[in-house]
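Novice: Protein chains in written order, with numbering that gives the first Met the number 0: chain A, 0 to 330; chain B, 0 to 330; chain C, 0 to 339; chain D, 0 to 339.
Among these hints, one or two may not hold up.
[Stated by the list, open to error] Pairwise CB distance ranges (calculated):
| hint | chain 1 | residue 1 | chain 2 | residue 2 | range |
| --- | --- | --- | --- | --- | --- |
| 1 | A | Arg65 | B | Thr67 | 55 to 65 Å |
| 2 | B | Thr114 | A | Arg65 | 52 to 62 Å |
| 3 | D | Ala338 | C | Pro301 | 25 to 35 Å |
| 4 | D | Asp48 | A | Pro318 | 33 to 43 Å |
| 5 | B | Val25 | C | Arg7 | 35 to 45 Å |
| 6 | D | Trp186 | B | Lys172 | 32 to 42 Å |
| 7 | D | Lys265 | C | Lys266 | 28 to 38 Å |
| 8 | C | Pro27 | D | Ala338 | 54 to 64 Å |
[To be verified] Far from chain D, by Cβ distances over 10 Å, these chain A residues were calculated:
| hint | residue |
| --- | --- |
| 9 | Pro1 |
| 10 | Arg12 |
| 11 | Glu46 |
| 12 | Thr67 |
| 13 | Glu93 |
| 14 | Val188 |
| 15 | Thr194 |
| 16 | Pro197 |
| 17 | Glu270 |
| 18 | Leu287 |
| 19 | Glu305 |
Think of the hints as simulated: they come from the structure by calculation, not from any bench. Beta carbons: idealized from backbone N, C-alpha and C, even for Gly.
Single-letter residue listing:
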Amino acid sequence: MPLDQQTALSLYRQMVTIRGFEETMVQVYTEGKTPVFDIGSGPVPGEMHLAAGQEPVAVGVCAHLRPTDFVTGPHRAHHFAIAKGVDLKKMAAEIFGKETGLGKGKGGHMHLFDTAVKFSCSGIVGAGMPPAVGAGLAAKMQGRDDVAVAFFGEGAANQGAFHESLNLAAVWKLPVVFVCEDNSWAISVPKTTATAIPSNADRAQAYGIPGVAVHENDVAAVYEVASEAVAHARRGEGPSLLEIHTERYLGHFQGDPEVYRDPQEVPHFKEHDPINRLRDQMKAQGWLTDEQDAEIRRAARATVDEAIAFARESPYPAPEEALEDVFVAVG
Amino acid sequence: MPLDQQTALSLYRQMVTIRGFEETMVQVYTEGKTPVFDIGSGPVPGEMHLAAGQEPVAVGVCAHLRPTDFVTGPHRAHHFAIAKGVDLKKMAAEIFGKETGLGKGKGGHMHLFDTAVKFSCSGIVGAGMPPAVGAGLAAKMQGRDDVAVAFFGEGAANQGAFHESLNLAAVWKLPVVFVCEDNSWAISVPKTTATAIPSNADRAQAYGIPGVAVHENDVAAVYEVASEAVAHARRGEGPSLLEIHTERYLGHFQGDPEVYRDPQEVPHFKEHDPINRLRDQMKAQGWLTDEQDAEIRRAARATVDEAIAFARESPYPAPEEALEDVFVAVG
Amino acid sequence: MAAPASARQLTTARAISEAIASEMKRDPRVFVMGEDVGKYGGIFGATQDLLSQFGPDRVRDTPISETAFIGAAIGAAAEGMRPIVELMFVDFFGVCMDQIYNHLAKNTYMSGGHLRLPVTLITAYGGGYNDAAQHSQSLYSIFAHTPGLKVVVPSTPYDAKGLMIQAIRDDNPVMYFMHKGIMGLGWMTMLEAAAGPVPEEEYTIPFGVADIKREGTDVTIVTVGMMVHRSLEAAKQLADAGISAEVLDLRTLVPLDREAIVNSVKKTHRLIVVDEDYRSYGMSGEVIATVAENALDYLDTPARRIAEPDVPIPYSRPMEQFVLPNAEKIAAAVREMVAG
Amino acid sequence: MAAPASARQLTTARAISEAIASEMKRDPRVFVMGEDVGKYGGIFGATQDLLSQFGPDRVRDTPISETAFIGAAIGAAAEGMRPIVELMFVDFFGVCMDQIYNHLAKNTYMSGGHLRLPVTLITAYGGGYNDAAQHSQSLYSIFAHTPGLKVVVPSTPYDAKGLMIQAIRDDNPVMYFMHKGIMGLGWMTMLEAAAGPVPEEEYTIPFGVADIKREGTDVTIVTVGMMVHRSLEAAKQLADAGISAEVLDLRTLVPLDREAIVNSVKKTHRLIVVDEDYRSYGMSGEVIATVAENALDYLDTPARRIAEPDVPIPYSRPMEQFVLPNAEKIAAAVREMVAG
Ligand SMILES: Cc1ncc(C[n+]2csc(CCOP(=O)(O)OP(=O)(O)O)c2C)c(N)n1
Ligand SMILES: Cc1ncc(C[n+]2csc(CCOP(=O)(O)OP(=O)(O)O)c2C)c(N)n1
Ligand SMILES: [Mg+2]
Ligand SMILES: [Mg+2]
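Here chain A stands alone, though its shape is the one from the complex:
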């Protein structure tokens, strides 16, 4: 299914929002960390993995999902969360460690859980795949046509969990879409030295399922390929594997010295920025005017600012709240 105007605009809006959120986090994260960088200081401490540049994979896939579809993301998951419709205010508040956050400040940026839209993520590489298989199993057992999507990096594709999950989903023919977000880096380790074959999509053969690679960081291409993968799952035809090439604009985490990568890499990436690309395409097709574009950017900015303001203004949890929620009340 190729993009129509309405969808293109919607994807564009989301990508702009994600980019705005990530760029804002770059700033927010440095607060309290200058002149001396201290990971534990400022309003947003801890590790911070941002996804600027990687918007297409998130929005191109999630465009096909419903709130009742189940998504798991990895450590770098803001873009997936936003694309899945996670409440941005609560998400920002969680990242700020506030009581109003998705997890009341207990989870933090790598552990965003929004049961309303069935989103979760994890800081353990590869760990989102098995739960996605289970969600697919539940949908199937319950006779729903909802699907589960597991997003993970190309580095995660070398974890045992990848193999076990794809095999199990294939054997049980579960509605799961495995989406490998290939930004060609796992922290400092390039895919070329870590992965034995050029394309993870080819690993689908090991499970007898469809495997498709999208080689450009292009949301229209992702949208089209994901459309079929999600539909395939929804039709009850089983899992598939997508490999989406994308580009990491920032360090692995904020504060990463990036001694390992060519300083020219990112400027080069930015020459074909996926947001600009979609904008230019839409303009060329007459789907977007400069004015509309400005309005979209203003709106996105406002959404992000509102979320950040909400997060800033929210109170911290009481310290002793730490002792709650280990278990839910016995049901």
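With chain A's structure known, arrange chains B, C and D with the ligands on it following the hints.
Specialist: The following block gives chains B, C and D with the ligands in isolation, referenced to the frame of chain A:
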């Protein structure tokens, strides 16, 4: 490399010895367990996984190995141990839990370690693959042309360790041969319901390495295919994956009620028993007379009997020996 | 708290499978998955006869992919199911611990209590039948050291059923340990207590309530699982020698009934912990520490423990018997304590 | 046992990488593998500058395949190498625990002592910088509960170097824990003690010898790693209040210097354990139990422990600070103990 007479005879001898050992274990294992079966009773207590019927994969591959090549086996590993040249007396003694055993009675049948011929095995499914990768790495770093071989069942091919190990060995181009022994059962679970594709050899594509399947339980075919895989590793050309189809004559472990399999399966298997098959082929080619055959069987019997006698006659370890060998003396 | 002696006798394995079956009947969200849980009925019989009653959709044999299927239980639970998932031997935890430790146990907390994960993870533990170092471990202490998991270790068929129903109905992850030796399997030495009275009707046993399996006044033996029986044996031997031992069966390690431990020690003034798990950094230390914190002055003699002496479980019988706690060792230690 | 104060100062991370480098120079069998150990120099700096000195054959960046590469260390060690392998955060143990627990730790025993596995497994632990539930754990108790692994938890640059050289030269598997907060990283609050005097020459510190980091007479604080510094801070505060606290740094959990614990308590008559790991079923219980077994009569007040209160580590600062032990909590507890 096809079989020549001398090799054929040697493989035959080994297969007969293995079969003799396994059939003897069937008997020995029941000692002290009748009329009431009690897994903890008799001279050989604990679980007992036997490999009768599965001789070709062991001897066909190990025929290409040297004592300095490194082999890991799974829980069902007597045939691999014998084919690799593990000291049969010490092995039997270990299985009997005697002080003269390979591990002084500490390991038992699933944990046979013979450093003299670089053999080990493990009771954890899939766990032998990573150490084989490490042995291959050591050989490569040390500039030796020795290889490592990991034997594992088709059930183990769905463990995460399989994926991680093959990828790592491929990325580092290590001299490792992965041998999947496909007896089509993992305890009561048939491969068809556990493995998403018909042939594990096809999974080699996920690592960019050669993958070859041998569909018959035939030692000559195994020998030929393994010859190239081992040579490939020895030449420094990296890992490969073999899938060898074979047939489990006995229960998963001794005492297995086998409610899950058709009682006709094993009798059917036995119609094309691999030992008889090699015997008949050799006879047809004039490589083996009835007399020689009888002599081989007598010799094998004697070897096995001697090992069992050694095991029986050996003393048990002192109980407090249990406290030794947790650590070696600090080097 | 036990059923009348005249009641129907079941083995522990049957008590467990009956509990699962009754919950599966009651609640369509309950299902079972694991290796060999279908036709085989579970290697230790916990899922016997379930396949024929509930079919392959609800009783699922899995590939040997513990990370995938235990992780799948998390996702299925998040989506409204109530999975019972079997890790065949607890010794195999290392291939799937991340899903258990960092996800099953922590997701509820990290979600601020929004996520419920009603998963019952059943697993077999324990030695004594020469299954060697990778198939004989106890390891419950490791899971009890995990915030977010409840840990159940039943010792009798009666407790096994009630605790199993309680586990399945709990909205939190529960790890349920089954000692192979008390399952009452046809192929293992039959411990007399492996069969016992079990009511047909459903009942639950609350978590965190230790059970005095034998009352006594001279010494408190705190223990769990199979070691309850070894301790009861010891208590009998001790009774002959005029020593009255109380045997306290913890039944759950998380929550831990610290009050019951302390109260018993306040009565007996002596504490010995019997633990099939490795001695150091585990259950035995925790129980002793609990008393040293809360009832120090009541201890008339140094606390003792009989546990696996921090070596891998050896295969060979004389060595395995040497490392496992038994009635003789327990009784001897108690006699020393009482002698002072 | 410390170098003269005038000596060269190094951070803990530098002390560790120097120790590794000197062993790599001395012994060609020593090599390093792990994620980001090459150009990056290890996320926590333990392998900094090694790649440039020793090249990519001996300093190997791995795929994110902990089961494969930690398992590979076993095979490489069996074949005569002496691998140093990094598990980036100890929190990730669950994806590779089987290779550690059932193989690295047990193969020597199961082989009857024939197999030597000189593997040094290095890993970062600990919280305090808001890295949340899956990146802040301590977990050393779980590994100390594993027969067959030595467990090292250094607290100072000096100890770190000597214990690292000892670990590399040991023919047994050693798990070496590095608290992120004492590495002396440029990007984390600099603990003063994260840099300290370290001799240039090689030296070893034997395992199983606890170190009295501060002498005292009123209370024994038993601890390890980062908590040594929190305890020393507390001891200073207590000194101002006229209470003399002894701080005993265990340095290794396996072997555990039980004698040192007992001797100190015999002197001070009070015991408090400070542990960053989860409270229950772990290190704190083991230390208290050791005293309740061996020096019960010397305890004048109930034993105490300050530890993580059995909840996952929360992300948000006020909550994380609430659950982590600190000097104030330690000092307050000791004051209560001394007040009686
Ligand atoms: C099991 C595990 N191993 C290692 C890590 C440390 N780690 C966090 S992110 C990361 C790289 C992940 O690479 P990739 O999957 O490609 O995702 P990306 O960071 O590129 O988005 C690593 C090694 C981890 N969190 N979990
Ligand atoms: C990690 C792990 N999971 C489960 C088991 C229990 N188990 C032992 S053997 C076996 C079946 C193995 O099947 P396969 O690999 O095909 O080997 P085979 O028994 O057929 O020789 C299982 C499930 C185990 N030992 N380890
Ligand atoms: Mg990546
Ligand atoms: Mg098989």
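Novice: If a hint holds in the structure, say so; if it doesn't, say that too.
Specialist: Results of checking the hints against the structure:
Restraint check, Arg65 (chain A) to Thr67 (chain B): a C-beta distance of roughly 60 Å satisfies the suggested window 55 to 65 Å. The given range of 52 to 62 Å is respected by Thr114 (chain B) and Arg65 (chain A), whose C-beta atoms sit roughly 59 Å from each other. Distance hint check: the CB atoms of Ala338 (chain D) and Pro301 (chain C) are about 26 Å apart, consistent with the given range 25 to 35 Å. The beta-carbon spacing between Asp48 (chain D) and Pro318 (chain A), approximately 41 Å, falls within the hinted interval of 33 to 43 Å.
Restraint check, Val25 (chain B) to Arg7 (chain C): a C-beta distance of roughly 38 Å satisfies the suggested window 35 to 45 Å. Between Trp186 (chain D) and Lys172 (chain B) the beta carbons are some 36 Å apart, a value that agrees with the proposed interval 32 to 42 Å. Between Lys265 (chain D) and Lys266 (chain C) the Cβ separation comes to about 29 Å, which falls inside the hinted range of 28 to 38 Å. Separation of Pro27 (chain C) from Ala338 (chain D) is about 59 Å and conforms to the stated range, judged on CB atoms against 54 to 64 Å.
At roughly 35 Å from the closest C-beta of chain D, the C-beta of Pro1 (chain A) stays outside 10 Å, upholding its exclusion from the interface. Annotated as non-interface, Arg12 (chain A) keeps its C-beta farther than 10 Å from every C-beta of chain D; the closest such distance is 29 Å. The claim that Glu46 (chain A) lies off the interface is violated: its Cβ sits roughly 6 Å from the closest Cβ of chain D, which falls inside the 10 Å cut-off. With a least CB separation of 27 Å from chain D, Thr67 (chain A) remains clear of the 10 Å interface cut-off, as annotated.
The claim that Glu93 (chain A) lies off the interface is violated: its Cβ sits roughly 8 Å from the closest Cβ of chain D, which falls inside the 10 Å cut-off. The Cβ of Val188 (chain A) sits about 5 Å from the closest Cβ of chain D, inside the 10 Å cut-off, so the non-interface label is violated. For Thr194 (chain A), the shortest C-beta to C-beta distance to chain D comes to about 7 Å, within the 10 Å cut-off, and the non-interface label is violated. The non-interface label for Pro197 (chain A) is consistent with chain D: the shortest C-beta to C-beta separation is roughly 15 Å, beyond 10 Å.
Distance to chain D confirms Glu270 (chain A) as a non-interface residue, since its nearest Cβ pair spans about 25 Å, more than 10 Å. Annotated as non-interface, Leu287 (chain A) keeps its C-beta farther than 10 Å from every C-beta of chain D; the closest such distance is 39 Å. The beta carbon of Glu305 (chain A) sits about 21 Å from the closest Cβ of chain D, which is more than 10 Å, so the claim that it is off the interface holds.
Violated hints for the displayed structure, listed by number in ascending order: 11, 13, 14 and 15.
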